[in-house]
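**Student:** These are the residues of each chain, in order.
Number of protein chains: 2
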Amino acid sequence: MSQRIGNALIGQSGGPTAVINQSLVGVIEACVAAPQIGSVYGSLQGVQGILDENLIDLGLESPADLERVAQTPCAALRSVRKKPTAQECERVVQVFRAHNVRFFFYIGGNDSAETAHLLHQVALAHDYDLRLFHIPKTIDNDLMVTDHCPGFPSAAKFVAQAFLGDNEDNRSLGGIKVNVIMGRHAGWLTAAARLARTTTADGPHLIYVPERPFSLEAFPNQVQRALDTHGRCVIAVSEGIHDLEGNLIASSGDIDAHGNMRLSGTGVLGDFLSERIQATIGKGARVRADTFGYLQRSYFGVVSEQDALEAREVGRHAVRVAVGGEVLHGSIIIERRGTPSRYEAGYGVTALENVAQKTKVLPPEFLLGDHDVSEAFVDYLAPLVGPLPRPGRLSDLPVPRKLG
Amino acid sequence: MSQRIGNALIGQSGGPTAVINQSLVGVIEACVAAPQIGSVYGSLQGVQGILDENLIDLGLESPADLERVAQTPCAALRSVRKKPTAQECERVVQVFRAHNVRFFFYIGGNDSAETAHLLHQVALAHDYDLRLFHIPKTIDNDLMVTDHCPGFPSAAKFVAQAFLGDNEDNRSLGGIKVNVIMGRHAGWLTAAARLARTTTADGPHLIYVPERPFSLEAFPNQVQRALDTHGRCVIAVSEGIHDLEGNLIASSGDIDAHGNMRLSGTGVLGDFLSERIQATIGKGARVRADTFGYLQRSYFGVVSEQDALEAREVGRHAVRVAVGGEVLHGSIIIERRGTPSRYEAGYGVTALENVAQKTKVLPPEFLLGDHDVSEAFVDYLAPLVGPLPRPGRLSDLPVPRKLG
Numbered sequence: 001m002s003q004r005i006g007n008a009l010i011g012q013s014g015g016p017t018a019v020i021n022q023s024l025v026g027v028i029e030a031c032v033a034a035p036q037i038g039s040v041y042g043s044l045q046g047v048q049g050i051l052d053e054n055l056i057d058l059g060l061e062s063p064a065d066l067e068r069v070a071q072t073p074c075a076a077l078r079s080v081r082k083k084p085t086a087q088e089c090e091r092v093v094q095v096f097r098a099h100n101v102r103f104f105f106y107i108g109g110n111d112s113a114e115t116a117h118l119l120h121q122v123a124l125a126h127d128y129d130l131r132l133f134h135i136p137k138t139i140d141n142d143l144m145v146t147d148h149c150p151g152f153p154s155a156a157k158f159v160a161q162a163f164l165g166d167n168e169d170n171r172s173l174g175g176i177k178v179n180v181i182m183g184r185h186a187g188w189l190t191a192a193a194r195l196a197r198t199t200t201a202d203g204p205h206l207i208y209v210p211e212r213p214f215s216l217e218a219f220p221n222q223v224q225r226a227l228d229t230h231g232r233c234v235i236a237v238s239e240g241i242h243d244l245e246g247n248l249i250a251s252s253g254d255i256d257a258h259g260n261m262r263l264s265g266t267g268v269l270g271d272f273l274s275e276r277i278q279a280t281i282g283k284g285a286r287v288r289a290d291t292f293g294y295l296q297r298s299y300f301g302v303v304s305e306q307d308a309l310e311a312r313e314v315g316r317h318a319v320r321v322a323v324g325g326e327v328l329h330g331s332i333i334i335e336r337r338g339t340p341s342r343y344e345a346g347y348g349v350t351a352l353e354n355v356a357q358k359t360k361v362l363p364p365e366f367l368l369g370d371h372d373v374s375e376a377f378v379d380y381l382a383p384l385v386g387p388l389p390r391p392g393r394l395s396d397l398p399v400p401r402k403l404g
Numbered sequence: 405m406s407q408r409i410g411n412a413l414i415g416q417s418g419g420p421t422a423v424i425n426q427s428l429v430g431v432i433e434a435c436v437a438a439p440q441i442g443s444v445y446g447s448l449q450g451v452q453g454i455l456d457e458n459l460i461d462l463g464l465e466s467p468a469d470l471e472r473v474a475q476t477p478c479a480a481l482r483s484v485r486k487k488p489t490a491q492e493c494e495r496v497v498q499v500f501r502a503h504n505v506r507f508f509f510y511i512g513g514n515d516s517a518e519t520a521h522l523l524h525q526v527a528l529a530h531d532y533d534l535r536l537f538h539i540p541k542t543i544d545n546d547l548m549v550t551d552h553c554p555g556f557p558s559a560a561k562f563v564a565q566a567f568l569g570d571n572e573d574n575r576s577l578g579g580i581k582v583n584v585i586m587g588r589h590a591g592w593l594t595a596a597a598r599l600a601r602t603t604t605a606d607g608p609h610l611i612y613v614p615e616r617p618f619s620l621e622a623f624p625n626q627v628q629r630a631l632d633t634h635g636r637c638v639i640a641v642s643e644g645i646h647d648l649e650g651n652l653i654a655s656s657g658d659i660d661a662h663g664n665m666r667l668s669g670t671g672v673l674g675d676f677l678s679e680r681i682q683a684t685i686g687k688g689a690r691v692r693a694d695t696f697g698y699l700q701r702s703y704f705g706v707v708s709e710q711d712a713l714e715a716r717e718v719g720r721h722a723v724r725v726a727v728g729g730e731v732l733h734g735s736i737i738i739e740r741r742g743t744p745s746r747y748e749a750g751y752g753v754t755a756l757e758n759v760a761q762k763t764k765v766l767p768p769e770f771l772l773g774d775h776d777v778s779e780a781f782v783d784y785l786a787p788l789v790g791p792l793p794r795p796g797r798l799s800d801l802p803v804p805r806k807l808g
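Those protein sequences? They're chains A and B, same order as listed. Take the first sequence: its position 176, counting from 1, is numbered 176 in my numbering, and each next residue is one higher. Just so we're on the same page, my numbering is the position in the second sequence counted from 1, plus 404.
The reader is advised that the hints may include incorrect statements.
What the hints assert, rightly or not - Label pairs and their in silico Cβ distance ranges:
(1) B/E649 / A/D65: 49 to 55 Å
(2) B/V782 / A/Y128: 50 to 56 Å
(3) B/T743 / A/L397: 42 to 48 Å
(4) B/L807 / A/R320: 27 to 33 Å
(5) A/G231 / B/A605: 46 to 52 Å
What the hints assert, rightly or not - One-sided and incomplete, this derived list gives chain B residues near chain A with beta-carbon spacing under 8 Å:
(6) L459
(7) E465
(8) R472
(9) R482
(10) S483
(11) R575
(12) D675
(13) Y698
(14) V706
(15) L798
(16) K806
Calculated from the structure, these hints are not laboratory results. These numbers come from a predicted model, not from an experiment. Backbone N, C-alpha and C define an ideal beta-carbon position, used for all residues, glycine too.
Make a model of the complete structure from these sequences and hints.
**Tutor:** Have a look at this one:
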């Protein structure tokens, strides 16, 4: 016999992903089905919506509408980048109490886990019974404990398909191509470009991630070596690359509420590296730079099916754990099960403090020297991304020359 | 009874598209099937490969391999941006004669049509019998006579899906988003962003194309008006926008062999407009810019099926016309047939001089004021792009407030 405990509230926070709404819908449908939960509310713009008491009722949405929402990228509840002050945390608990919110689910990255952790501590201090869970999402894949983060495999698929096409573009017209990928402290998404290298001749020929210091002196030589070997060069570079002293190679100068430097939404790094190549390799070289930007997290129509499925499931699992009652707060994780040749996902929970504000970078075994990633990384990522298109090539059978 | 006339040669030229290899394969398979045609050769890197006598045999490729090539973006024969000199045109005719090339198919845009036109004139001057056809491709959609250009619908689909996602991203986090789209003289591809506007509240809220002069003075007011109406603003802007005097708003300074200013492969315009918005609307505004760049023409995995089909068919049609013998040179065109509610494509041919070096811009009936496009444009484009994903939204049913 399950007894009604109270109402549930859901928020989405931080940068969107292609599948963050899968998690939202996973939470909604599991809440609706749980007899321990009364109403299911959503907060518009994450913690900001709680402060403003700007809540909506999610329990009346039809399954068909929810399915359409699940398949739409970005935050259906709208999002926010906000770290609540101590006073604001008090206000949140007031709002929870007023609406008898006893279950709180916050879908976001490590900054959102920090917000969840703060709210949990304030609820404890007020002796307010609250089951509180952080549900992971981030294209950066930089959350601790979990094997990987929902949202990352779809972004990785977008990046891999972009490089698969861009490699053909570079093969068509030659020259040097720089592609700047999201990721300030961790190079997971940049490393995903590696999936596009279908033969040793194919790009990306150079991969630069923040886990290794970037040398502006060595860079032109590495490009020249790729040109000598392949006659062309495709480069994947994280927006967050920095030198030995930790200084960013290029940045916009903006700082957000969580103290993060804004790196996206500007072409500064790509243009800087292009100019650097032209200054060293020669003005005659064909050099182009693209900054993939927000398309990596929001593009509508390129989703990893495994990612969509897992994103839905972490939402459902959060509710399962919450109503189960053995663990009353934490962050949901994905565990890698199955065998190396047959990937399977499992779900679990870890303490909020293991995830809040921490960053998981690429481990050494996923890196190869200072400008490539390893086969072990490919083995890790491939089952999460699923099937990719493969290029077809002509045989290039030469016709004997007849003229001098 | 058909008699063997000679060999065929195919080249690809200019910027790649997602379906340019469909046209290549259409030509190859029709040539292989034509008794009038002997060997089927390809030139590596367009006209450059002819000058270097760098030819390959395409007649031995298996149908399965060709199908994989057709589905791969960018130029399988590799491409070039080169306008041959008078002396080089002589050399081309020499190479044609040495290899008994009597059919020449050049797949490209208006610069490539110009090259084809030059070669045709030199062949005529030498009394060299040559059936020569330009096969259209360009994501810019700026070729004269043809209803539209193969490659454009797939690029339009990529752009529309990018805006569909980006509109959700902007709805999630708010602020102002500038997206810079390819197109130096014509705004066709930028206008394609309009397909993402599924309700009047959705972006792109402002669309700027080169067909209308861009006013740096009026721009911040137009952005402010969109902010006042929608609380946020998504902007689509062509890389080639210019002021009343025709001066580009921002550019790289590079000039290519055909006299074109390089606009892509740099974030200059997006960053410039962002700074302009922040300088006028206020430093506090959240402004981001993305330059979609080469992904628009090379992304692997987003293709309009209608575009793929038509790109294949223009290749086949060129061979049909060439072996038919009634028209011996020209540029292949697509004609819009069927009814307004049921689009059908037909194929024809026009004179090379109608296409060479000319640019078709958006006609007045496809424009709406100086920062939008019309419903007539949507009607024109929608059947070419085919089905697009549609966003699902929550009902946002408010929960009554309980606190002050």
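**Student:** Starting from the hint 46 to 52 Å, judge whether the C-beta atoms of A/G231 and B/A605 obey it.
**Tutor:** 49 Å, holds
**Student:** Are B/E465 and chain A close enough, Cβ to Cβ, to be under 8 Å, as the hint says?
**Tutor:** Result: holds, 6 Å to nearest chain A Cβ.
**Student:** Quick check on the hint: B/K806 CB to chain A CB, less than 8 Å?
**Tutor:** With a closest approach of 4 Å, the B/K806 hint holds.
**Student:** Using the nearest Cβ pair, does B/Y698 come within less than 8 Å of chain A?
**Tutor:** B/Y698 check passes; min Cβ-Cβ to chain A is 6 Å, inside 8 Å.
**Student:** Per the CB criterion, is B/R482 less than 8 Å away from chain A?
**Tutor:** Status holds, d = 5 Å.
**Student:** Hey, does the B/S483 contact hint survive, CB to chain A under 8 Å?
**Tutor:** This interface hint holds because 4 Å falls under the 8 Å limit.
**Student:** Lying within 49 to 55 Å: is that true of the beta-carbon distance B/E649 to A/D65?
**Tutor:** Since B/E649 and A/D65 have Cβ atoms about 51 Å apart, the given range 49 to 55 Å holds.
**Student:** Could one say that the CB atoms of B/L807 and A/R320 fall in the range 27 to 33 Å?
**Tutor:** 31 Å, holds
**Student:** Close enough to count: is the Cβ of B/V706 nearer than 8 Å to one in chain A?
**Tutor:** Cβ of B/V706 sits 7 Å from chain A, so the hint holds.
**Student:** Are B/T743 and A/L397 spaced within 42 to 48 Å by their CB atoms?
**Tutor:** Holds, at about 46 Å.
**Student:** Could you tell me whether the CB distance from B/V782 to A/Y128 stays inside 50 to 56 Å?
**Tutor:** At roughly 53 Å between Cβ atoms, A/Y128 and B/V782 fall inside 50 to 56 Å, so the hint holds.
**Student:** Less than 8 Å between beta-carbons is the criterion; does B/L798 satisfy it with respect to chain A?
**Tutor:** Hint holds; B/L798 Cβ to chain A Cβ min 5 Å, cut 8 Å.
Comparing the model with each earlier hint shows no violations; every hint is respected.
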